[in-house]
Amino acid sequence: EAQVTQNPRYLITVTGKKLTVTCSQNMNHEYMSWYRQDPGLGLRQIYYSMNVEVTDKGDVPEGYKVSRKEKRNFPLILESPSPNQTSLYFCASSPRGGDHEKLFFGSGTQLSVL
Amino acid sequence: ILNVEQSPQSLHVQEGDSTNFTCSFPSSNFYALHWYRWETAKSPEALFVMTLNGDEKKKGRISATLNTKEGYSYLYIKGSQPEDSATYLCAFSGGYNKLIFGAGTRLAVHP
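As you go down the protein sequences, you meet chains A and B in turn. According to the numbering used here, the first sequence is numbered sequentially starting from 1. According to the numbering used here, the second sequence is numbered sequentially starting from 1001.
In case anyone wonders, no lab produced these hints; they're calculated from the structure. There's no promise every hint is true.
Listed next, the stretches of chain A that the computed footprint assigns to chain B, with coverage defined by at least 3 CB atoms under 8 angstroms from CB atoms of chain B [as the list claims (entries may be wrong)]: (1) 14-24; (2) 64-70; (3) 82-89.
Covered stretches of chain B (chain A as the covering partner; in silico rule of three or more C-beta atoms under 8 angstroms from a C-beta of chain A) [said to hold, decoys possible]: (4) 1028-1038; (5) 1077-1088; (6) 1098-1107.
Where is the CB? At the ideal position from N, CA and C, for every residue including glycine.
Working from the sequences, and respecting the hints, build out all of it.
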């Protein structure tokens, strides 16, 4: 089944403890992206990747890192999480990242930073 | 700063009612307008991607129209069913492989 898989689904952590949220897609998509969703706001892009070893900042990159060593994986790293990073996170992918291509989303990761 | 507005923020309707909501976006540098359906605890799923002024798309009881000159899109649901309950997201693309999302319209359909 074609899908974007995120793990974990829920995560509670404490300020400063490094964490990684994994994202994997099995559709051979070149484009992958991370978003965060906060109440009353639209999805905001954190980082995106047009292909392997090509990553770029989105609108809210501060406090996050990403890597794209393989086409299928695009992990999101929080080196020193803070409470303002408590949010619902979505990974998404599309074939080539064109403006006309629909995004395929993962099931989300609800992160709480205490 | 590019802004995408969706209205209303939330909507409660009875089963069988038809309903519609609005997405407003910048009318310049238009590339595409996306609609997604997001059920609670699930992934957002694409409904439509619209690219041309005057575009109309339809999927079952759901349809959408696009006016790029005035910067709005309408999503219509005919004969709402409880399974239509979800948050409907629109997203504007002004190029550069970047989507700007609205905050969504939360629809609740009551039996």
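Task: Violating hint indices (sorted, rising) - done: 1, 2, 3, 5
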